[in-house]
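2 protein chains.
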Amino acid sequence: MAKSRRKSENGFFEDSSEPVTLSPQDERTLGSIYGLASKITTLVEQDSDPALAIPARTLGNVSFNEEKRVLQMGSKTTSRELFNLSQAKSFMQTTLVASGAKRLIEMGKTTSIRGLYYMLKHDIKPSKEPTFHDQGECDPIIEDCEVLLESLREELHLFADKRGDMVGNIKIVDSGDEIDCSRMGSGGYAIPSIVEPSVIQFKECKAKFVLHVEKNTVWQRFNEDKFWKKHNCVLTHGNGQPPRGVRRLLNRLHNELGLPIYCLLDNDPWGYYIYSVIKQGSINLAYESERMATPDAKFIGVRSRDFERCGLSEGVKISLNDVDRKRAKQIADYPWFVHKKDWQREIDLMLRNGFKLEVEALVSRSISYMTEEYVPRLLKEGDFLD
Amino acid sequence: MAKSRRKSENGFFEDSSEPVTLSPQDERTLGSIYGLASKITTLVEQDSDPALAIPARTLGNVSFNEEKRVLQMGSKTTSRELFNLSQAKSFMQTTLVASGAKRLIEMGKTTSIRGLYYMLKHDIKPSKEPTFHDQGECDPIIEDCEVLLESLREELHLFADKRGDMVGNIKIVDSGDEIDCSRMGSGGYAIPSIVEPSVIQFKECKAKFVLHVEKNTVWQRFNEDKFWKKHNCVLTHGNGQPPRGVRRLLNRLHNELGLPIYCLLDNDPWGYYIYSVIKQGSINLAYESERMATPDAKFIGVRSRDFERCGLSEGVKISLNDVDRKRAKQIADYPWFVHKKDWQREIDLMLRNGFKLEVEALVSRSISYMTEEYVPRLLKEGDFLD
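Chain order of the listed sequences is A and B. Residue numbering for the first sequence follows our numbering, starting at 778 and increasing by one per position. Residue numbering for the second sequence follows our numbering, starting at 778 and increasing by one per position.
If we strip away everything but chain A, and leave its shape as in the complex, we get (with noise of 0.2 Å):
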């Protein structure tokens, strides 16, 4: 395999004119690539039409992995053929959609998936038919290439929006730059996308467990008040939920540095939706769980207990609306909430008092009673839902 290339093969666009070195982990990935490209003309050569076994994304092929704890992709499969005339187009999109990821590999770079769909939109001449309508026929083959190639989007060197900020006592290593966590201010260190290895090496870590919150106004508190440094832990949000740098980031800081990950949340379904994301992982993109959630994270709040314990004013309560129910008992039904009393009990409460409540509510008793002592209460108890 070519470490490094000047000349694309097909003109289609200009390669980048430094040549790269390769990671290990860009090797794996391309020779991935390869293998799908060996598949295919094996079968040409063999005189067999040319087809790709997908693994089907549905539903009817997610399960729950009571042992590893996190949503799994089944075994099934459907096939895309080339000469089957409804198809031929998916075909073509899957190889152009592999054929770019090896493209941007090669070329050392990364882009947005909206990169990628103007980087492979043309025209197949001599028709006007173009090779994507819109980035609505894109983004479904990227995740077929990365359940096909086995690879994260990020290996496939594609990054997705990025939101969330992190400050802590944690020193990070990113493309090459060490960056110390504690001495990041008030804006703190924005999380990219792509955290691989390659990307990010965890440098020193004094901290003894991730304090994740949902909004990035109660992190601009927490940080405000310096809990991060008080109670020796990293601080980290996503600006709702999570996107897959933050996800894979907590994922990483629990696997690779032992830290507890604890979750600060509204109380409501969709406060619930975003832990179980984090833990379980996501229903569309089960394939990645092993990689993206953190089955050990916890629940610290806000509970639905909380209105009375903490002696929070009648003010703060938001009235359930029919969504909040339905939602809510669609997630006391996820495989992983049913069997656990705790949870069972916390969504039931929280029907039962008919409101829901955020966690700004706590702003209620005072403006630092959220980091001055609802959190290291809970934290010096124990008193987390798992």
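Just to be clear, a hint being listed does not mean it is correct.
It does not matter which identical chain is used: a pair holds within one copy or between any two.
To be verified - In silico lysine-lysine, BS3-like type, Cα no more than 25 Å apart, as pairs:
hint: 1; residue 1: K948; residue 2: K1003
hint: 2; residue 1: K1075; residue 2: K845
hint: 3; residue 1: K985; residue 2: K1007
hint: 4; residue 1: K905; residue 2: K1094
hint: 5; residue 1: K866; residue 2: K1103
hint: 6; residue 1: K948; residue 2: K1006
hint: 7; residue 1: K879; residue 2: K948
hint: 8; residue 1: K980; residue 2: K1003
hint: 9; residue 1: K1117; residue 2: K902
Keep in mind the hints are simulated off the structure, nothing from the lab.
Dock chain B against the given chain A, drawing on the hints supplied.
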């Protein structure tokens, strides 16, 4: 004026346990709040009805200041009276928000507008009438207080959502931590919501300009290609419409360090609008334009001419819809665009093209075309829209 206090005068929530030292800015803001309070008490002592003169935040009271080239509020005010059945509640809310800001400043703490809402929300005993029904009732009162006290929201110790990152040849000090933005890896320094001089100081700047891009995905491309190193600049993004912290930081980078600001935005009405907000300020928040807007900012692209000039492939065109056409015409009529021939031609060409172009469309040329050819050429030629 007390420089610190350990007891809240009304016991509504506990003050910080640490006495704080007020910054000169905090002293000024507190002075405005005391001034407001003493106007009211003077009226009471004179047996007059307590009233506030609230500057009108309506379109009719906003004009474009040709000399300063920013949106400005006029001098119209409306009276808000305590002994007026329809105004009593908003009178109470206004003084309540001002007192909340006072307490935050005295504690040396900041909170989100959501936090302030929860902090101030309570039933007015013995009635069950809440001080605020919802956040929507609180937000305009916060804006009233900003104009009434001639203080930016940040000076009232309120922060907004933060999003937007920075890298480049600049060293800053954020809350006492020195941050070298040329050593921030792939993630970058996360721009906080409050970037006032009391929080952020510029320590050393070698950069010669700022490139501000619309999207974090484009920012990642520029950062990965180390554009800021090759071209000795600062690289920022605001994840779409830049939040207050990013706009204020651009303003400070320009006014205090003399850095030109170049904006790389989509070729569509939304991109034009973002430019307009960065340059002239937001119509809704015209009272803060002088400190939030940067009238010298330049628009570097993407331009309506670029499809042809850059030889982009057909597939990157996105058809204009009716909303786009309507918005484009509105923007062309803005007082700060209406006399600019270049802008009229630019918007007119987009309308005649019938399509818009995203920055990522440049990827159809090559993955680093935007960082290695497009922007460098325009910078070299000084080819901007003003």
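Verification of the supplied hints:
no.: 1; hint: K948 with K1003; result: both (17 Å within a copy, 22 Å between copies)
no.: 2; hint: K1075 with K845; result: within (16 Å within a copy, 54 Å between copies)
no.: 3; hint: K985 with K1007; result: within (12 Å within a copy, 39 Å between copies)
no.: 4; hint: K905 with K1094; result: between (57 Å within a copy, 14 Å between copies)
no.: 5; hint: K866 with K1103; result: neither (39 Å within a copy, 37 Å between copies)
no.: 6; hint: K948 with K1006; result: both (14 Å within a copy, 23 Å between copies)
no.: 7; hint: K879 with K948; result: neither (32 Å within a copy, 37 Å between copies)
no.: 8; hint: K980 with K1003; result: both (22 Å within a copy, 23 Å between copies)
no.: 9; hint: K1117 with K902; result: neither (58 Å within a copy, 42 Å between copies)
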